[in-house]
Amino acid sequence: MKFITWIVVIFSAILFIGLPVYSQDSSLTVIGPWSGGEMDAFLPVLKAFEEETGIKVEFLTYRAEDLSTLLPAQFTAESTLGDLIFMQSWFIQDQAKKGHIMDISAVITEDDFIPGSLDGLKVDGKLYGAAYTGKVKPGFWFRKSFFEKNQLTVPNNWEDFQALLEKMKGIEGISAPIASGNGVGWPLSDITEHFIVAFGGTELFHNLINHSIHWNDAKVKEIFENRLAVLLKENYFGEPSEWTMVLEKWWNGDYGLFFMGSWITGMVDDPSDLSVFSLPGTQGLVFAPDYLFIPAYTQNPENAKKLLAFLVTQGQELQVQQGGHLATYLNVPIEFYPEVDRNVAQILEGKMALPDLDDTIGGEFQSKFWDQLKLLWVKPEQVDDVLDTLESVFEQ
Amino acid sequence: MDLFHRRKRRKSLKTTLHQIVFFLPALILMIIFLLYPVLNTLWTSFTSEDHQFVFLDNYKKVLSSKDVFNQKGFTQGFPLGALPHNFLWILIHLPLTTFLGLVLAVLFKDLKYNYIFKSSIFLGMVTPMVIGGVILRFIYEKEVGIINAILELLGFQAFTWTAYPETALLSLIFGSVWLWTGFSMIIYSSGLGNIPKEYYEAAALDGATPFVIFFRITIPLLKQMTVVVITMTILWELKIFDLVYVATMGGPGGASNVMALQMYFYAFRQFNFQNASVIATLLMLLTLFVTIPLIKSSLGEER
Numbered sequence: 001m002k003f004i005t006w007i008v009v010i011f012s013a014i015l016f017i018g019l020p021v022y023s024q025d026s027s028l029t030v031i032g033p034w035s036g037g038e039m040d041a042f043l044p045v046l047k048a049f050e051e052e053t054g055i056k057v058e059f060l061t062y063r064a065e066d067l068s069t070l071l072p073a074q075f076t077a078e079s080t081l082g083d084l085i086f087m088q089s090w091f092i093q094d095q096a097k098k099g100h101i102m103d104i105s106a107v108i109t110e111d112d113f114i115p116g117s118l119d120g121l122k123v124d125g126k127l128y129g130a131a132y133t134g135k136v137k138p139g140f141w142f143r144k145s146f147f148e149k150n151q152l153t154v155p156n157n158w159e160d161f162q163a164l165l166e167k168m169k170g171i172e173g174i175s176a177p178i179a180s181g182n183g184v185g186w187p188l189s190d191i192t193e194h195f196i197v198a199f200g201g202t203e204l205f206h207n208l209i210n211h212s213i214h215w216n217d218a219k220v221k222e223i224f225e226n227r228l229a230v231l232l233k234e235n236y237f238g239e240p241s242e243w244t245m246v247l248e249k250w251w252n253g254d255y256g257l258f259f260m261g262s263w264i265t266g267m268v269d270d271p272s273d274l275s276v277f278s279l280p281g282t283q284g285l286v287f288a289p290d291y292l293f294i295p296a297y298t299q300n301p302e303n304a305k306k307l308l309a310f311l312v313t314q315g316q317e318l319q320v321q322q323g324g325h326l327a328t329y330l331n332v333p334i335e336f337y338p339e340v341d342r343n344v345a346q347i348l349e350g351k352m353a354l355p356d357l358d359d360t361i362g363g364e365f366q367s368k369f370w371d372q373l374k375l376l377w378v379k380p381e382q383v384d385d386v387l388d389t390l391e392s393v394f395e396q
Numbered sequence: 001m002d003l004f005h006r007r008k009r010r011k012s013l014k015t016t017l018h019q020i021v022f023f024l025p026a027l028i029l030m031i032i033f034l035l036y037p038v039l040n041t042l043w044t045s046f047t048s049e050d051h052q053f054v055f056l057d058n059y060k061k062v063l064s065s066k067d068v069f070n071q072k073g074f075t076q077g078f079p080l081g082a083l084p085h086n087f088l089w090i091l092i093h094l095p096l097t098t099f100l101g102l103v104l105a106v107l108f109k110d111l112k113y114n115y116i117f118k119s120s121i122f123l124g125m126v127t128p129m130v131i132g133g134v135i136l137r138f139i140y141e142k143e144v145g146i147i148n149a150i151l152e153l154l155g156f157q158a159f160t161w162t163a164y165p166e167t168a169l170l171s172l173i174f175g176s177v178w179l180w181t182g183f184s185m186i187i188y189s190s191g192l193g194n195i196p197k198e199y200y201e202a203a204a205l206d207g208a209t210p211f212v213i214f215f216r217i218t219i220p221l222l223k224q225m226t227v228v229v230i231t232m233t234i235l236w237e238l239k240i241f242d243l244v245y246v247a248t249m250g251g252p253g254g255a256s257n258v259m260a261l262q263m264y265f266y267a268f269r270q271f272n273f274q275n276a277s278v279i280a281t282l283l284m285l286l287t288l289f290v291t292i293p294l295i296k297s298s299l300g301e302e303r
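Protein chains in written order, with UniProt numbering: chain H, 1 to 396; chain Z, 1 to 303.
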């Protein structure tokens, strides 16, 4: 009797522990990079999906850099952290080639999205990811009130820009004319990409992504040495500091300008006091959509497809209303945007939308690029070393 | 063979069998999770991407890489490469934490309510290194860091210490002294507690000065503790990763890079598992070089 009791207890325990694992749970897990205020602006979109479909959705925050190390191992084991994951385009394309990502060609209509925005997500003509809202990196943000108070004007050419920085340097209480956001490293790469486009043109920018031009080529060196390093040597840029901390200091008047993506409009107290200008002569702007994909190992493929389709259509309409985001879905009415974002959308007009350089190349280059730019910011005289190191990543 | 010896042999075999059965689960787990990965890593370090045996080619490639050993750095300044950086950690961090731990243990020995001081110093040790890294990053910030606040009070100019190649690595090394000193202090405290008071009383009666007592009694009797502190600290310095990853990510320009971080870059940024295995093997060899004397010394004590 005692033996039978033990068998029943053990069997029940196994059943109790094992059942939840094998039970079909229809809820979904979405993984994205946002936390804090950015996450707060995204959660209502998921909530709307839950209300419409009755499917529960959980959101987890993981940085793209961490996902790039976690996911390949998970995929190799044919499992996944989430049912729908936001990740950079290079990663989606790379993993799609290995068969780890679901083909979503039939889930969305490509013509409904900004032309070219899905190009980096295709393998052999099939679509493996979608574009959610995007952020444009338009240039140097400033407070209108700060410019008015100090009688500053938006520059029309390079000389004007240098003169503006020199004038800002003389303003009492200012740490440096331009704030240098840091942390992981991407804020510096955004500034550098803008300089490459402004002074090298969109073709050179594309050629660097394709590596049909070397990083230590004379044309590239000219931009780094005569434009970026010149300003760094004059201490027009502040020391690289954690970017959210710098954001606060810039807003409080410790810096005059802050180069940042359009999400900044959702991160300041008074977006109506914001304005932005690109480097004079810039023909293209980096427009970086948040890409998302469904791993081949999701337990809920149909629900995951429903959520993806919702996010990239209705979801975008809801998201842009929160501020700081621009839709890649062409059917989002302009009235849905807050005023400041409408202005940002207008900056894009007449300019070529470019992919984010380091997000597109990805992998080792990305971390090396960030690290070398941190070095350049404090050692601008080492331009040659920096460019040689970047080139060596491709040589390897 | 007589009945007595046959029975004794059977009993001994039975005992051995019991021992084997008892030991087997642990042995199987060790083979799967310890021995196999170690041997696989070792094998991978000698093979190419297509699994061909290439002998020391990967080692030559890794050790001649600027990321691991940067010859130019020795004449032009940081970065020196991950391997020399690890040795710098040992060279600076080890004597500092060992000495500070010993001094603090001696100072607090007879102090009333010493557990308050000991606990506050040991706090650094229980802080997760990832949090420690974040704290260090902010401590050295130009605008908000406490180090700069103190320096500015003394009339020096503030700057972000982790942003410059000349100061990034040293900032982390000195910063981590705070995080690690609690370990040596606690080990030495327990060692001090085991030294009989009579030794000190006899020395005092003979007219020995505190200085002499410290060097002739305390330090020699703490020899075993020192071996433990040095060994464990070197091991920590060899495998240091989380703190550097969070505080500087090995930058700027690789100026604070270390071996374990470079292994991570090889494995998870470049997906070059051969190079990562080379670093893992080198770290394992260095670790063995440090731990074998410790094991020998503890075995000697048991005998």
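What the hints contain is simulated information worked out from the structure, not anything from laboratory work.
You may find that some hints are simply not true.
Cut-off 20 Å, straight-line C-alpha distance, at most; resulting in silico cross-link-like pairs (SDA-like, lysine to any residue) [stated by the list, open to error]: (1) H:K249 <-> Z:G145; (2) H:K97 <-> Z:E166; (3) H:K249 <-> Z:K142; (4) H:K249 <-> Z:A158; (5) Z:K61 <-> H:S392; (6) H:K169 <-> H:G183; (7) H:K233 <-> Z:A158; (8) Z:K66 <-> H:D388; (9) H:K379 <-> Z:E166; (10) Z:K66 <-> H:K249; (11) Z:K66 <-> H:D385; (12) H:K249 <-> Z:E49; (13) Z:K66 <-> H:S272; (14) H:K169 <-> Z:A158.
One-sided excerpt, in silico: chain Z residues whose CB lies under 8 Å from chain H [unchecked claim]: (15) F156; (16) F159; (17) A203; (18) G251; (19) R269.
Far from chain H by the CB rule (all over 10 Å, computed), these chain Z residues [to be verified]: (20) F46; (21) K142; (22) V144; (23) T160; (24) A202; (25) A255.
From the three backbone atoms N, C-alpha and C, an ideal C-beta is built for every residue, glycine too.
Evaluated hints:
no.: 1; hint: H:K249 <-> Z:G145; result: 14 Å, holds
no.: 2; hint: H:K97 <-> Z:E166; result: 43 Å, violated
no.: 3; hint: H:K249 <-> Z:K142; result: 12 Å, holds
no.: 4; hint: H:K249 <-> Z:A158; result: 16 Å, holds
no.: 5; hint: Z:K61 <-> H:S392; result: 14 Å, holds
no.: 6; hint: H:K169 <-> H:G183; result: 24 Å, violated
no.: 7; hint: H:K233 <-> Z:A158; result: 18 Å, holds
no.: 8; hint: Z:K66 <-> H:D388; result: 12 Å, holds
no.: 9; hint: H:K379 <-> Z:E166; result: 11 Å, holds
no.: 10; hint: Z:K66 <-> H:K249; result: 37 Å, violated
no.: 11; hint: Z:K66 <-> H:D385; result: 12 Å, holds
no.: 12; hint: H:K249 <-> Z:E49; result: 49 Å, violated
no.: 13; hint: Z:K66 <-> H:S272; result: 49 Å, violated
no.: 14; hint: H:K169 <-> Z:A158; result: 18 Å, holds
no.: 15; hint: F156; result: 16 Å, violated
no.: 16; hint: F159; result: 7 Å, holds
no.: 17; hint: A203; result: 54 Å, violated
no.: 18; hint: G251; result: 4 Å, holds
no.: 19; hint: R269; result: 5 Å, holds
no.: 20; hint: F46; result: 20 Å, holds
no.: 21; hint: K142; result: 6 Å, violated
no.: 22; hint: V144; result: 7 Å, violated
no.: 23; hint: T160; result: 5 Å, violated
no.: 24; hint: A202; result: 58 Å, holds
no.: 25; hint: A255; result: 8 Å, violated
In terms of the numbered hints stated before, the structure departs from hints 2, 6, 10, 12, 13, 15, 17, 21, 22, 23 and 25, listed from lowest to highest.
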